[in-house]
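Which chain is which? The protein sequence lines are A and B, in order. Here the first sequence is numbered in our numbering, starting from 138 and rising by one per residue. Here the second sequence is numbered in our numbering, starting from 138 and rising by one per residue.
FYI, nobody ran anything at the bench for these hints, they're computed from the structure. Note that the structure is a prediction, hence the values are computed from the model and not measured. Some hints could be false.
The list cannot tell twin chains apart, which means a pair is met if one copy fits it or any two copies do.
[What the hints assert, rightly or not] Listed below are the simulated SDA-like cross-link pairs for lysine to any residue, each with C-alpha atoms no more than 20 Å apart in a straight line:
| id | residue 1 | residue 2 |
| --- | --- | --- |
| 1 | Lys219 | Pro172 |
| 2 | Lys523 | Val513 |
| 3 | Lys199 | Glu188 |
| 4 | Lys607 | Glu582 |
| 5 | Lys285 | Glu244 |
| 6 | Lys510 | Phe476 |
| 7 | Lys510 | Pro492 |
| 8 | Lys536 | Gln324 |
| 9 | Lys344 | Cys570 |
| 10 | Lys265 | Arg163 |
| 11 | Lys285 | Arg404 |
| 12 | Lys285 | Glu241 |
| 13 | Lys262 | Pro172 |
| 14 | Lys285 | Gly238 |
| 15 | Lys174 | Glu241 |
| 16 | Lys508 | Ser477 |
2 protein chains.
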Amino acid sequence: MEEERLVTQVTPKSEDFSRWYLDLIRRTELADYAPMKGMMVIRPYGYAIWENIQRLLDERIKASGHVNAYFPLFIPEGFLRKEMEHLQGFAPEVAWVTQGGADELEERLAVRPTSEAIIGFMYSKWVKSWRDLPVLINQWANVVRWEKVTRPFLRTTEFLWQEGHTVHETYDEAQAETLRILDMYRQFVETELAIPVLYGRKTEQEKFAGALATYAIEALMSDGKALQMGTSHNLGQHFARVFNIRFEDHNQSLQYAWQTSWGVSTRLIGALVMAHGDDSGLVFPPAVAPFQVVIIPISIGNWKENTLPRAVELRSRLERVGIRVFLDDRSEYTPGWKFSEWEMRGVPLRLEIGPRDVKNNQAVAVRRDNKEKLIVSLDGVEAKIKGILDGIQASLFDKALAFQKENTCQVSSYQEFKSVIENKRGFVQAFWCGSEECEARIKEETMATIRVIPLEEEKNQKGKCIFCQKEAGTLAVFARSY
Amino acid sequence: MEEERLVTQVTPKSEDFSRWYLDLIRRTELADYAPMKGMMVIRPYGYAIWENIQRLLDERIKASGHVNAYFPLFIPEGFLRKEMEHLQGFAPEVAWVTQGGADELEERLAVRPTSEAIIGFMYSKWVKSWRDLPVLINQWANVVRWEKVTRPFLRTTEFLWQEGHTVHETYDEAQAETLRILDMYRQFVETELAIPVLYGRKTEQEKFAGALATYAIEALMSDGKALQMGTSHNLGQHFARVFNIRFEDHNQSLQYAWQTSWGVSTRLIGALVMAHGDDSGLVFPPAVAPFQVVIIPISIGNWKENTLPRAVELRSRLERVGIRVFLDDRSEYTPGWKFSEWEMRGVPLRLEIGPRDVKNNQAVAVRRDNKEKLIVSLDGVEAKIKGILDGIQASLFDKALAFQKENTCQVSSYQEFKSVIENKRGFVQAFWCGSEECEARIKEETMATIRVIPLEEEKNQKGKCIFCQKEAGTLAVFARSY
Chain A
138 MEEERLVTQV TPKSEDFSRW YLDLIRRTEL ADYAPMKGMM VIRPYGYAIW ENIQRLLDER
198 IKASGHVNAY FPLFIPEGFL RKEMEHLQGF APEVAWVTQG GADELEERLA VRPTSEAIIG
258 FMYSKWVKSW RDLPVLINQW ANVVRWEKVT RPFLRTTEFL WQEGHTVHET YDEAQAETLR
318 ILDMYRQFVE TELAIPVLYG RKTEQEKFAG ALATYAIEAL MSDGKALQMG TSHNLGQHFA
378 RVFNIRFEDH NQSLQYAWQT SWGVSTRLIG ALVMAHGDDS GLVFPPAVAP FQVVIIPISI
438 GNWKENTLPR AVELRSRLER VGIRVFLDDR SEYTPGWKFS EWEMRGVPLR LEIGPRDVKN
498 NQAVAVRRDN KEKLIVSLDG VEAKIKGILD GIQASLFDKA LAFQKENTCQ VSSYQEFKSV
558 IENKRGFVQA FWCGSEECEA RIKEETMATI RVIPLEEEKN QKGKCIFCQK EAGTLAVFAR
618 SY
Chain B
138 MEEERLVTQV TPKSEDFSRW YLDLIRRTEL ADYAPMKGMM VIRPYGYAIW ENIQRLLDER
198 IKASGHVNAY FPLFIPEGFL RKEMEHLQGF APEVAWVTQG GADELEERLA VRPTSEAIIG
258 FMYSKWVKSW RDLPVLINQW ANVVRWEKVT RPFLRTTEFL WQEGHTVHET YDEAQAETLR
318 ILDMYRQFVE TELAIPVLYG RKTEQEKFAG ALATYAIEAL MSDGKALQMG TSHNLGQHFA
378 RVFNIRFEDH NQSLQYAWQT SWGVSTRLIG ALVMAHGDDS GLVFPPAVAP FQVVIIPISI
438 GNWKENTLPR AVELRSRLER VGIRVFLDDR SEYTPGWKFS EWEMRGVPLR LEIGPRDVKN
498 NQAVAVRRDN KEKLIVSLDG VEAKIKGILD GIQASLFDKA LAFQKENTCQ VSSYQEFKSV
558 IENKRGFVQA FWCGSEECEA RIKEETMATI RVIPLEEEKN QKGKCIFCQK EAGTLAVFAR
618 SY
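Only chain A is shown next, with the shape it has when bound in the complex (with noise of 0.2 Å):
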């Protein structure tokens, strides 16, 4: 992670978007650095938007019929080893715990990276009939990755997420699934953190370890890079031969089972900074953020007595309907002070209550995402301010699309390729051959990768390989990439 330095002050985006977004986490506290290699700490601030996403995807997760559980923080070396496609996949990564209290263990424990293989030995030992399928598992938890170069929220050593591991009695069944939660992801990101993506399959090279096939959606962030915001993985029979999980079959015969992986992490927050933020701040979707109102009292003349008690009310009105409302009656600090502070932390609407406002029974509304103002009757105020919010995420939802139309073309020759990429960055859409040596040259000289080959994209097309001219069929997603 960079080196820590005192933030007093925030470097606008426009001057240096990585040092805005550093500077912005640690300003308005959504975490701070810890004093290990690559970790961090989530503080409340950001903490609270990590809760909202778990309520809410929690919700979607449960709806389509999954469980919740919890398996084991570590896992057995020769858990890993027995599947060397995984483990090599993962193994530059592992922190390795070697002694337990006074003692050198006998097996290395991994500090799970990914919870497959446990899971998969945990499977072996509950799925022995039809009747057991499908298995429809999700856990909640911390993983630790040992990476070379972090950035909060976008790549931690240790991070937290969810991970949904499934078993199928078919391939079909199986595939459905994966596609099934790709559409959840889709649908969650765009209807809650207001940020749309475009989704599609992993080249075999930025496939998981261990998989048959990924899927991914991506989102496009405000500088043009892209970020992969989740993955969903069909894993075949992989780990099923490899940890013997075997069920009869309606025909009384041993089948292998059919499995499927998925997960978000706490990277979505580094998201939503990055889609969302501009040169004032952090602007946050409504339906995650952590308050969606913040009350200002006017403090001036005898405000406590005549105008503090009617935003007290006011508090009481919204919470009662359920928004998630701050006041901030802090007598250290001045009116003024506290709009730009809140403005930083990007509270959807601000509400202003001075002496005129009480005598005429109203507020001044001022919304976070295009700053303008309002006056708002205190008659029936719950439903305006609820009619705003959401209108303030659909226009959060609405300016990230635009953003990402505009910066998403297709290409026909390798000189407009890395022109776009290197100037204007975006997604860029070009031929490719299928071939991991075109793919692979195109990173070394562009940077650029494949981000996804869109589902829709898979057949039916035609073109010539922006990098060999070769005659191509998938026409790829590709972009500089976080």
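Starting from the known structure of chain A, arrange chain B on it as the hints suggest.
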């Protein structure tokens, strides 16, 4: 953890309590053994209870002004070393990470056994002024303690818990917080888990390594042994001095801060099993039961056409008012099998619907706790079921309280003390002079420890120490414990 064996039948509780506990947990799929020493998998049926506990306790934690955050899993050894008392308390139980990827680490990292050290360090960065206080932060997390003897839920190498860590300006505020949390735990456990507790202070021997004073809630399990259900520590300025948590007070002078920490864990699930379970299996209080109601359609005749639709409708009606319902419509099992299966799994209320019930617009309700059977008309069934569930919750508490009272006695001779501890068990109140030696000798000779010194007993008591016969001002509560 005890060796694995296939559980087809559960050992009766009256025959072997310990075997009954282990059999029941695996047979009802609350948890399973993991293939690593002392670790378990919390299966969906068990994890659903933890989710209910989390939701209900988190509401109370937040209602009292606390917010959640997330601190790192790893703690550098040097941080633990800074506080020798704390390190010595936990060193034998620490799992150490010594390798990251291919590299040996320069400094070992402890997998957190508890988080005072890392949180103390972060607080020293965040707390500068009285304006920053109080800090009222809680964390839901996994922790690891390398235990020698383990038992699912009660003592496992890894467990899930919440740990609150607060910072205050004065001793009085920290002490008030410590006792406020103790009372929050008491209310939570008695109200939601239907388990009555004793509460009070721990002795110096039994207190948390590094605390000024530890307070605990203790409950009696149905075998007469005590279980510590939660602890709340007044940490004094101990960690503040070690980690240099200082603030500028109202007079611009620098002061060390006062702290508390407190936690409950997945051990509470074990308590539910041991406090309420009987020879027929688990008995869950409705407030935290995974399913509060199981509906079993009687599968005779054209049940799928005639009975099942009414069962489906009943499920919807109950779910609409927030009742957690499972409709067991599997055709591969008989109603009789389902009755005993769900009885064993502890669902508070069973609703049977057969052809006659369809005709009479009714269901047969059977309470799990007392096996009482009653006919319930489907007119206004929602309110009736809610009423029955409330009744079950109250009955379970009353029954457990009666048990606790029957099994609590005051003794005045060491002879009597030993006899009760050996034969009847339960809570034994006895005067204690306060010396560590008497405490240690009693433990050695009887395996009984001082569970708590009740708060109201701390003053104005006079008697003779049960062991040494010297003047004693403390009426302590002894028990054998888990």
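Against the structure, the hints:
1. In this assembly of identical chains, lysine 219 and proline 172 lie within 20 Å of each other by CA distance solely across copies; the values are 14 Å between and 35 Å within a copy.
2. Taking identical chains as interchangeable, the C-alpha atoms of lysine 523 and valine 513 lie at most 20 Å apart only when both belong to the same chain, with a minimum of 12 Å there against 42 Å between chains.
3. Taking the closest pair of Cα atoms, lysine 199 and glutamate 188 come within 20 Å of each other both inside a single copy (16 Å) and across two copies (13 Å).
4. Only within a single protomer do lysine 607 and glutamate 582 lie at most 20 Å apart by alpha-carbon distance; the minimum there is 19 Å, versus 86 Å between protomers.
5. For a Cα distance limit of 20 Å, the shortest separation of lysine 285 from glutamate 244 across copies, 17 Å, qualifies, whereas the shortest one inside one copy, 25 Å, does not.
6. Taking the shortest alpha-carbon separations for lysine 510 and phenylalanine 476, only the intra-copy value of 13 Å comes in at or below 20 Å, while the best inter-copy value is 63 Å.
7. Taking CA atoms no more than 20 Å apart as the test, lysine 510 paired with proline 492 passes inside one copy only; the shortest distance there is 18 Å, against 64 Å between copies.
8. Taking identical chains as interchangeable, the C-alpha atoms of lysine 536 and glutamine 324 lie at most 20 Å apart only when both belong to the same chain, with a minimum of 17 Å there against 48 Å between chains.
9. Proximity of lysine 344 and cysteine 570 under a CA criterion of 20 Å is satisfied intra-copy only: 18 Å inside one chain copy versus 68 Å between copies.
10. With identical chains, the CA atoms of lysine 265 and arginine 163 are at most 20 Å apart between copies only, with a shortest distance of 16 Å across copies and 50 Å within one.
11. Taking the closest pair of Cα atoms, lysine 285 and arginine 404 come within 20 Å of each other only inside a single copy of the chain (17 Å); across copies the shortest separation is 37 Å, beyond that limit.
12. Only between protomers do lysine 285 and glutamate 241 lie at most 20 Å apart by alpha-carbon distance; the minimum there is 14 Å, versus 27 Å within a single protomer.
13. When the C-alpha separation of lysine 262 and proline 172 is checked against a cutoff of 20 Å, the pair qualifies only between copies, where the shortest distance is 11 Å, while the shortest distance within a copy is 41 Å.
14. Proximity of lysine 285 and glycine 238 under a CA criterion of 20 Å is satisfied inter-copy only: 10 Å between copies versus 28 Å inside one chain copy.
15. Proximity of lysine 174 to glutamate 241 under the C-alpha cut-off of 20 Å is restricted to the inter-copy arrangement: shortest distance 14 Å between copies versus 24 Å within a copy.
16. In this assembly of identical chains, the alpha carbons of lysine 508 and serine 477 lie at most 20 Å apart only when taken from the same copy (12 Å versus 63 Å across copies).
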